[in-house]
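Asks: Sequences listed follow chains A and B, in order. If you use the working numbering, the first sequence closes out at 133, no skipped numbers anywhere. If you use the working numbering, the second sequence closes out at 289, no skipped numbers anywhere.
No lab work stands behind these hints: they were computed from the structure. Any given hint could be a false lead.
[As the list claims (entries may be wrong)] Covered, in the sense of this in silico footprint (three residues per stretch, anywhere, with C-beta under 8 Å from a C-beta of chain A), are these stretches of chain B: (1) 193 to 199; (2) 216 to 229; (3) 253 to 262; (4) 271 to 281.
[Said to hold, decoys possible] Keeping only pairs whose Cα atoms sit at most 25 Å apart, straight-line, the calculated DSS-like set for lysine-lysine is: (5) A:Lys62 - B:Lys268; (6) A:Lys50 - B:Lys268; (7) B:Lys202 - A:Lys93; (8) A:Lys95 - A:Lys62.
Backbone N, C-alpha and C fix where the C-beta goes; we use that ideal spot for every residue, glycine too.
This is what each chain is made of:
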Amino acid sequence: MNNTLTRADLAEAVHQEVGLSRQDCALLVERTLDLVVEALERGETVKLSGFGVFQVRAKSARMGRNPKTGEPAPIDPRRVISFRASQVMKAKVDSAFNSRQLNGHGRDGLPTGSLDRDGVPSDRRVANAG
Amino acid sequence: MRGPGSWTVIKSQLISKLTAENPHLSQHDVERVVSCVFGCMEEALVRGGRVELRGFGAFSVRARPARTGRNPRTGEAVSVPAKAVPFFKSGKELRLRLNASGDA
């Protein structure tokens with residue numbers, strides 16, 4: 004089972020759902036994401052009700068360190084994106100996560116293991132592999 | 186085409202723009218496209234999956250362990266249960282584009 008959603012999956016889902024041509028769907032998916040990026044480039048906030056808010060934050064210059072060598076390295080001022088999921092999405096993600104935890108493992112609803120790098124609980128992997 | 190404050194873009198503005206760019210499509214269809222796009226992403230995260238959009242970024246779900254927090258008003262200790270939160274990491278191209286102007 005593939006656990007990762009990509010552009011192609013989005014285009015296919017839009018095609019199935021809305022019934023426009025695959026080409027139109029691929030283009031619209033791309034353009035939708037582009038419009039978000041363009042707004043962020045202009046420094047604007049993008050609010051998608053029910054989904055979340057993308058915001059540009061200015062970070063000031065600071066001294067960092069090369070984690071490999073431990074040498075101090077200056078970090079230039081830069082702009083970063085912060086994404087805040089909507090309350091609705093947060094609630095859905097959390098409750099789905101908790102019920103998976105309850106069904107699979109333990110009764111306390113606590114995440115049993117850490118998530119691995121890509122954010123998939125390691126125990127879920129095993130469940131999916133079988 | 187301005188919503189709440191000129192520095193904010195909202196979903197309906199994305200839809201109007203896309204509709205204007207695609208005269209062969211109805212606004213209704215474009216609306217369904219946009220809600221499908223973000224709806225699908227949300228669904229993937231609710232399933233505990235990941236969304237990976239090259240150049241844009243990746244959404245994933247991160248587990249936060251239970252911790253003891255404090256009520257900032259009273260200073261009282263409260264236990265905060267473990268939870269899972271949606272997380273977004275911007276893609277390389279987006280980071281570059283954000284910092285393209287100026288000296289960065």
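Asks: A separate judgement is required for each hint: does it hold in the structure or not?
Replies: These are the hints, each one checked on the structure:
Only residues whose beta carbon comes within less than 8 Å of a beta carbon in chain A count, and the segment 193 to 199 of chain B has 5; three or more means the coverage holds. Counting residues of the segment 216 to 229 of chain B whose C-beta lies closer than 8 Å to any C-beta of chain A gives 10; at least three are required, and the coverage claim holds. Interface restraint, the segment 253 to 262 of chain B with chain A: violated (0 residues with C-beta to C-beta distance below 8 Å; minimum three). Remark: the segment 271 to 281 of chain B is confirmed as covered by chain A, as 6 of its residues place a Cβ nearer than 8 Å to a Cβ of that chain, reaching the required three.
Between the alpha carbons of Lys62 of chain A and Lys268 of chain B the distance comes to roughly 28 Å, so the proposed pair goes past 25 Å and is violated. A threshold of 25 Å between alpha carbons decides the hint, and for Lys50 of chain A with Lys268 of chain B the separation of about 24 Å falls inside it, so the pair holds. Straight-line distance between C-alpha atoms of Lys202 of chain B and Lys93 of chain A comes to about 28 Å, which puts the hinted pair past the 25 Å bound. Straight-line distance between C-alpha atoms of Lys95 of chain A and Lys62 of chain A comes to about 31 Å, which puts the hinted pair past the 25 Å bound.
The structure is inconsistent with the numbered hints 3, 5, 7 and 8, although it conforms to all the rest.
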